[in-house]
Amino acid sequence: MSLVTERAPLAMTPAQRGRGILPLACLVVFMAQMATTVYLPSLPEVARDLALRQSQVELSISLFVLAAALPLLFWGRAADAYGRRAPLLGSLALFLLSSLGLAFCTTLTQLLCLRVVQGMAAGGATIVGRILVRDYWQGNELARRLSLLSMAFICALGGGQFVGGLIARYAHWPLGFGLMALVALLALGLTLAVPIEPVATAKADAGWHAVRCLLARRRYVLPACVGGLGYAVLVTLQESSPFVFRHDFSLGAAAFGSLGLLFALSYLAGSLRVHRQALRLGAPRLLVRGALQVGLAGLAIWLLMGVWHAPGLVGLLLFVLLYGLAVFGQAVLFPNSMALAVDEGRDQGGMAMALCGFLQQMLAGAAGMLALVLPHGAGWAVAVCCLGLATWWLARLAVK
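At the far end of the sequence shown sits residue 401, using the working numbering, and the numbering has no gaps.
Quick caveat, the hints were computed from the structure, so don't treat them as lab data.
Honestly, I wouldn't trust all of these hints.
Stated by the list, open to error - Using C-beta positions, here's what the derived DEER-type ranges look like: (1) Leu371 to Gly190: 35 to 41 Å; (2) Leu191 to Leu273: 43 to 49 Å; (3) His173 to Arg54: 18 to 24 Å; (4) Leu282 to Ala82: 36 to 42 Å; (5) Arg219 to Trp309: 36 to 42 Å; (6) Arg218 to Leu193: 35 to 41 Å; (7) Gly179 to Ala82: 32 to 38 Å; (8) Leu304 to Pro24: 38 to 44 Å; (9) Leu191 to Ala82: 32 to 38 Å; (10) Leu216 to Leu90: 38 to 44 Å; (11) Leu193 to Leu304: 34 to 40 Å; (12) Gly179 to Ala217: 24 to 30 Å; (13) Leu318 to Ala87: 45 to 51 Å.
Note that the structure is a prediction, hence the values are computed from the model and not measured.
The beta-carbon is built from N, C-alpha and C at its ideal position, and this holds for glycine as well.
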């Protein structure tokens, strides 16, 4: 059955394809990622102010990631059935309201419930933004455009963590959620301004039938899961690192926030590598190379933090270097994993992108929850190691 959504993008000129759509997608990706990075430096302060245990405040990170995954199929179906604009506006409005609520939360229940709502909204906005990019490009060119979305991720990764560190040092953590609400308001305005005209699109199987078709395709599922495992490595590092840097290396919130700029440079280097080499090397080779770097970083982090326990400045420098290597590898593998998956499922419309995002977010969120139940100390390092090696192993299977 034909579905009415947006103008068939491949019929547009290159200038039209790039006008408005990529900036909009970048802004929603930036918004969704900053919901974690601005918040990270303040985790110890949030735990102190709300009288929470470390595991409880870390749970707000994992629940956000899981909540972003759960409604992705709904958002994807809505984007196919009602067009791209309406679901994007709805998710952005929900993100804005939940961010304002988080700025005034005072209990664990309020914090976790509102983070779930914020995650659901962030997941919807991000997936619709990526569906728009998938509408306009395909193949290795899609991998290049998705690597440009990584630039927005970079800004949120580095700039968000840096700003979050300043907020934790000189202001109070609710200000970070107010900043998130402001970015959501800007994204709402841009969504209303960008021209997205509704006309008939290609045929696509609707609903659960599309999901079953996609899950039966090995060349769809495996690349998507590679991206999810790599993302799980970063989520585990993100939820553990504020306390690792604070307690193991005596690093303050502002200094920790500044490290986000280094990690952003690592992600930028990986994204630029994809942008330069995607057409020459192809997505499968870049996927394996990025996964290898994530696997090596995970193994080395476990040896450093779980076996050697390197002290002082040496340990700090090595940990930062390995963290950066993991970020670089994920920047290389992630756009290629998504490009390989959604190209395989292009006949299923926006549901291909939505299911890909669902699988990746669910893997990352579940891994983050698992890391919380492992013994404190080196438990998180064991999780990072296992996830990194699994990423490399699955990447090799995905391209066979």
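Hint check:
With their beta carbons about 39 Å apart, Leu371 and Gly190 fall inside the hinted range of 35 to 41 Å. For the hinted restraint 43 to 49 Å between Leu191 and Leu273, the CB-CB distance of approximately 25 Å leaves it violated. Separated by about 21 Å at the C-beta atoms, His173 and Arg54 satisfy the suggested range of 18 to 24 Å. Checked against the hint of 36 to 42 Å, the C-beta distance between Leu282 and Ala82 comes to roughly 37 Å, which is consistent with it.
For Arg219 paired with Trp309, a C-beta distance near 39 Å keeps the hint of 36 to 42 Å intact. Remark: the range hint 35 to 41 Å for Arg218 to Leu193 is upheld by a beta-carbon distance near 36 Å. Under the hint 32 to 38 Å, the C-beta atoms of Gly179 and Ala82, about 34 Å apart, fit the expected range. The beta-carbon spacing between Leu304 and Pro24, approximately 42 Å, falls within the hinted interval of 38 to 44 Å.
Between Leu191 and Ala82 the CB atoms are about 23 Å apart, so this pair departs from the stated range of 32 to 38 Å. Distance hint check for Leu216 and Leu90: the Cβ-Cβ separation is about 30 Å, which falls outside the suggested range of 38 to 44 Å. A C-beta distance of roughly 51 Å is found between Leu193 and Leu304, which places it outside the suggested range of 34 to 40 Å. Our hint of 24 to 30 Å for Gly179 and Ala217 is violated, since their Cβ atoms are close to 45 Å apart.
Against the hinted window of 45 to 51 Å, the Cβ-Cβ separation of Leu318 and Ala87 comes to about 49 Å, which satisfies the hint.
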